[in-house]
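Trainee: One letter stands for each residue in the lines below.
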Amino acid sequence: MKSRWWIPVLWLIVMVGGIWFLITRLSIHNDLGDLLPQGSTWTQRLLLSQVRTGLSGRLILLALEGESPDELARVSKLLGESLRDNDRIGLVGNGMQTWSKEEQALLSKFRYLLSPTLTADTFSESSLRQALGLRLDDLRSPLAPILKLSIPADPTGEVLGILQSWAGWNGPEKYRGVWMSADRTMALLVVETRASGFDADVQESIHQLIRTSFEVVTKGTRVPLRLLMSGPSVFAIEIQRTIEEEVWWLSVVAGTLVFMFLFLSYRSLQLVLLSMIPISSGVVVGMIAVNGWFGFVHGITLGFGITLLGMVDDYPIHLFSHMTPGSSAPAVMRTIWPTMRMGIGTTAIGFSSLLFAGYPALAQLGLLALVGLLTAALVTRWVLPFCIGQGFAPREIRPGPLTDGSWLAKGGVLLPIMLSFAIVALIWSDTPLWEQDLGNLTPLSSEQKELDHRLRQGVGAPDLRDVLVIEELTEEGLLQKTEIVAKRLEELRIGGTIAGYDSVSRYLPSRRRQQERQQALPDAATLAKNLAAAQKDLPFASGLFDPFLTDVEAARSQKHLDREVFAGTMLGIKLESLMFSHQGRWVAVVPLRGVADRREFAAKVTGWGDMAIGYMDLKEESNRLMMAYRDRTLQLLGWGTIAIALALLLGLRSITLLWRVLAPIVCSLIVVVAVLRGSGEPLSLFHVATFLLVVGLGLDYALFLNRPEGTKAEQIRTYFGLLVCSTTTILVFGVLACSRIPVLHAIGLTAAFGSFCCLLFASLMARREVHVA
Amino acid sequence: MNFGASDMHHGFLLCSVLLISAIVARGAESASPRDDHSQNEWTIEHVVASLKEERESSMSFVETTYSSLLTEPLIARGVLRFLPPSTLEKEVLTPYRERYLIEGDRVTFESERKHIKRTISLEDYPALRSFVEAFRASLTGDAVRLKQTYETRLDGDRRKWWLLLRPHESEGKSMVDQILLSGSEGRIGTITVRSPDGDRSVMTLSRGNLP
Chain A
1329 MKSRWWIPVL
1339 WLIVMVGGIW
1349 FLITRLSIHN
1359 DLGDLLPQGS
1369 TWTQRLLLSQ
1379 VRTGLSGRLI
1389 LLALEGESPD
1399 ELARVSKLLG
1409 ESLRDNDRIG
1419 LVGNGMQTWS
1429 KEEQALLSKF
1439 RYLLSPTLTA
1449 DTFSESSLRQ
1459 ALGLRLDDLR
1469 SPLAPILKLS
1479 IPADPTGEVL
1489 GILQSWAGWN
1499 GPEKYRGVWM
1509 SADRTMALLV
1519 VETRASGFDA
1529 DVQESIHQLI
1539 RTSFEVVTKG
1549 TRVPLRLLMS
1559 GPSVFAIEIQ
1569 RTIEEEVWWL
1579 SVVAGTLVFM
1589 FLFLSYRSLQ
1599 LVLLSMIPIS
1609 SGVVVGMIAV
1619 NGWFGFVHGI
1629 TLGFGITLLG
1639 MVDDYPIHLF
1649 SHMTPGSSAP
1659 AVMRTIWPTM
1669 RMGIGTTAIG
1679 FSSLLFAGYP
1689 ALAQLGLLAL
1699 VGLLTAALVT
1709 RWVLPFCIGQ
1719 GFAPREIRPG
1729 PLTDGSWLAK
1739 GGVLLPIMLS
1749 FAIVALIWSD
1759 TPLWEQDLGN
1769 LTPLSSEQKE
1779 LDHRLRQGVG
1789 APDLRDVLVI
1799 EELTEEGLLQ
1809 KTEIVAKRLE
1819 ELRIGGTIAG
1829 YDSVSRYLPS
1839 RRRQQERQQA
1849 LPDAATLAKN
1859 LAAAQKDLPF
1869 ASGLFDPFLT
1879 DVEAARSQKH
1889 LDREVFAGTM
1899 LGIKLESLMF
1909 SHQGRWVAVV
1919 PLRGVADRRE
1929 FAAKVTGWGD
1939 MAIGYMDLKE
1949 ESNRLMMAYR
1959 DRTLQLLGWG
1969 TIAIALALLL
1979 GLRSITLLWR
1989 VLAPIVCSLI
1999 VVVAVLRGSG
2009 EPLSLFHVAT
2019 FLLVVGLGLD
2029 YALFLNRPEG
2039 TKAEQIRTYF
2049 GLLVCSTTTI
2059 LVFGVLACSR
2069 IPVLHAIGLT
2079 AAFGSFCCLL
2089 FASLMARREV
2099 HVA
Chain B
32 MNFGASDMHH
42 GFLLCSVLLI
52 SAIVARGAES
62 ASPRDDHSQN
72 EWTIEHVVAS
82 LKEERESSMS
92 FVETTYSSLL
102 TEPLIARGVL
112 RFLPPSTLEK
122 EVLTPYRERY
132 LIEGDRVTFE
142 SERKHIKRTI
152 SLEDYPALRS
162 FVEAFRASLT
172 GDAVRLKQTY
182 ETRLDGDRRK
192 WWLLLRPHES
202 EGKSMVDQIL
212 LSGSEGRIGT
222 ITVRSPDGDR
232 SVMTLSRGNL
242 P
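Residue numbers (our numbering), protein chains in the order written: chain A, 1329 to 2101; chain B, 32 to 242.
Careful, some of the hints might be misleading.
Unchecked claim - Derived contacts from chain A toward chain B, CB cut-off under 8 Å, selection only:
(1) L1467
(2) R1468
(3) S1469
(4) P1473
(5) I1479
(6) K1864
(7) L1872
(8) F1876
What the hints assert, rightly or not - No more than 35 Å apart at the CA atoms, straight line, and that leaves these computed lysine-lysine pairs for DSBU-like:
(9) K145(B) with K1547(A)
(10) K1947(A) with K1932(A)
(11) K148(B) with K1857(A)
(12) K1809(A) with K145(B)
What the hints assert, rightly or not - Reference listing, derived: stretches of chain B covered by chain A, where coverage requires no fewer than 3 residues with Cβ under 8 Å from a Cβ of chain A:
(13) 88-98
(14) 138-150
(15) 185-191
If you're looking for bench data, these hints aren't it; they were derived computationally from the structure.
Computed from a predicted model, the values in this text were never measured in an experiment.
Using N, Cα and C, we set each Cβ at its ideal position, and we do this for glycine too.
Chain A with its partners taken away, still in its complex shape:
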């Protein structure tokens, strides 16, 4: 045989080149938003863009606890001041201030365009007289020194009326001027970041900034104050960190276990190291492919993708197991290649179905797994055999009770028993088949969720579950429509159907409405006449209301109020979240509070008969979105299975063999689903994706088990090889199943148990006449 020494060298050069490319070019993203699907309907896309950039994602809720209320209040004030100075932070709410001086000035300037109570009657003689009477009360009240300041210019009290209508929600209770929980154990703060909630790196730096500021302001405090943080971005980073930590230690544990196991199996360090050649090649090329296609590799894809690629470790194991002292590696490879090729081809079909899931996270995973799988297979075929020295062979495998296959004859009853149990479990289990609540898939602990709930309730921040979405082609059209909707919502609020709502129309009237208000303003002569009549016999100083007359006259031709006026103020930020332009249309989002009966409310909204007004239960909507992807993945899995079956039929040219290969896999899936359900675990998208891996593993096992083999010794080697393969898989995924992260746990449990079942069932159903021959 010709020496092919240049093959390993070439491989080494390519690998070094690949790794160098990855080091210089690879861009790893950690922005969770990149992994979110695009959504198939307009509403879903809107929802997702809101999640990515919207206000709710930018809120960080803070709580201080562990001290006396006085001390909490003091620290809350200091922390608020220190955070307000930072330009990465848009707003800090802790109860200290609501409207800034600029906003109050704007409010006063535009009061006749903004006032919700203003009508033509406001300036009639009788209304003016009534208003002036109230102003006398103001002067008699203890608040007179302040109230008197606004009396000359605003005797009808429009500014006060506007402020009252803007006070949409009652903030938390205050103590010493800052928000405090009702039991006064927590001071509450809300921070709004300028960056999107999913911009993980910026968010993390802001969290760090908050912690540092907290440490600075609490320096020298003896009693340890605690800072609690919650909110979408806090969660996102927490999740990412948990995943990174878990993946790291799980990889270390699994890697060590597999290394030790392989060493024990083959008693050769060289083989263990050689077994890493295909998988490392697969990972490198797979990453290059994902980076090239998507422009970046997501950190999470990397973690899960390498896990999924763990199955290619089976290929070198097959090679090693079939080697004998007399054989040469390339020759052995050639004999097992046809079987291996079929397994690889069919698994590739399975993995490629992930590419069509339309879900970026799964598509990246699919591409990484597919390219990695093919690369690893090619490397196993064309590179690995030439790395093994001539005449090298692993230790002789002696037939053992497990490997000689004799137990299989007696174990024949096992399959029907397990299947019956599985079917009974499937029918009788009261665990829901599918996970309906996305929330259960987050790796957040229940304490964190509980904390978030408590803070959200404490601050009175909207949980943004129920919203009305209104769309229009123009900004003015949208504002007019929100005015109509706000009127209807107000009726529903009075009727008790909803507890409250926030609408952009409250802060920014439409031009039409502003015009109406301007037209309601009387001309200078009429107003002067009415005022004089109203003032008769009242003890106001003469000429006192001249500023009022001037302001009303000015307002009659005042430039209309628009969004730009509020730019840079807190109100401006609020407006941005309530109204924005999205894909060429103007959209208003109306957050609702306390929807008593969602179905009833939805029916009322439908009853308005306007298609441009939609009610969304965001929790339902995002669950529905996830379920749509799950169903699509399931569908693709079905088509993938049919494609695999057809490919197998072409390759095997035997219905009997096809049955022997496919039936164990189908049975395994049934048993796995039954076990998951029996253990009270509803299925999610991630279980479904892992079924692909199980199918891939099962194909590999079944094809090798049904391979025509000449000698008993060869068959023992096959069994041994498959046992090693399956055990490594069970070790890796068994470790994953111990993870606290629901997604990793789901993948681990499914794959580990699936691998076990596949090997067992495939062995039981494999043709046995061969070893008789």
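Since the structure of chain A is provided, determine the placement of chain B on it from the hints.
Mentor: For chain B alone, coordinates are given in the frame of chain A:
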């Protein structure tokens, strides 16, 4: 509820009035009784102790307001109440109904004619807080703390006295220039609050409810 910076001043003045009425109603609870008998000199401690002794749970008032905006003064009548340990109330009965209530940290303002009922925190602003705490301290007999918050001057004797209070703090000064209490023994006759712009209100107190 949202309040601008101006509300702090509202609250400040409100509190002055209410808390002074509390002194009227309650006096200094724990001022030592022996002060009543160690005579000759008439001190703030004596005033506070006498007020406590002759304290009643409610008093009627007539308040006259003089303002630069007006050509003639305005008059309001009502009742001041005190409920131990810390509830203070000013209720205006004529010519309109209005109520201010301080319970602990909370100030509730209720107006019939304006259809308003709202609650703010007395502790919303640091200046206010120290102001109130000084008053509370004085109510529990801590005349020292009263003197810490106000520059005080007492004129007259037991039969007829005038107590002038001027806030030390700049926040207080921007709203209240001075408060003048006049009285005889343990009874306050009038409370005059003068704001820096010269406007003032004069409250005349009498025992019992309005006729």
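Trainee: It remains to establish, for every hint, whether it holds in the given structure.
Mentor: Now the hints, each set against the structure:
A cut of 8 Å between beta carbons decides the hint on L1467(A): the least distance to chain B is about 5 Å, and the hint holds. A distance limit of 8 Å between C-beta atoms decides the matter here; for R1468(A) the minimum to chain B is near 5 Å, and the interface restraint holds. Given the 8 Å rule on beta carbons, the hint for S1469(A) holds: about 7 Å separates it from the nearest Cβ of chain B. The interface hint given for P1473(A) holds, since its Cβ lies 4 Å from the closest Cβ of chain B, which is under the 8 Å cut-off.
Using the Cβ-Cβ criterion of 8 Å, the hint placing I1479(A) at the interface with chain B is satisfied: the shortest such distance is roughly 6 Å. The closest approach between the C-beta of K1864(A) and any C-beta of chain B is roughly 13 Å, which is over the 8 Å cut-off, so the hint fails. Taking 8 Å as the C-beta cut-off, the interface hint given for L1872(A) holds, the closest approach to chain B being about 6 Å. The interface hint given for F1876(A) is broken, as the beta carbon of that residue sits about 13 Å from the closest beta carbon of chain B, more than 8 Å.
Using a Cα cut-off of 35 Å, the hinted pair K145(B) and K1547(A) is violated, with the two alpha carbons roughly 48 Å apart. Between K1947(A) and K1932(A) the alpha-carbon distance is near 20 Å, which keeps this suggested pair within the 35 Å criterion. Between the alpha carbons of K148(B) and K1857(A) the distance comes to roughly 34 Å, so the proposed pair stays at or under 35 Å and holds. Under the criterion of a C-alpha separation no larger than 35 Å, the hint pairing K1809(A) with K145(B) is consistent with the structure, at around 31 Å.
For a cut-off of 8 Å, the count of residues in the segment 88-98 of chain B with a CB near a CB of chain A stands at 3, and the three-residue condition holds. Counting residues of the segment 138-150 of chain B whose CB falls under 8 Å from any CB of chain A gives 3; the rule of at least 3 is met. As drawn, the segment 185-191 of chain B meets chain A at 0 residues by the rule of a beta-carbon pair under 8 Å; below three, the given contact is violated.
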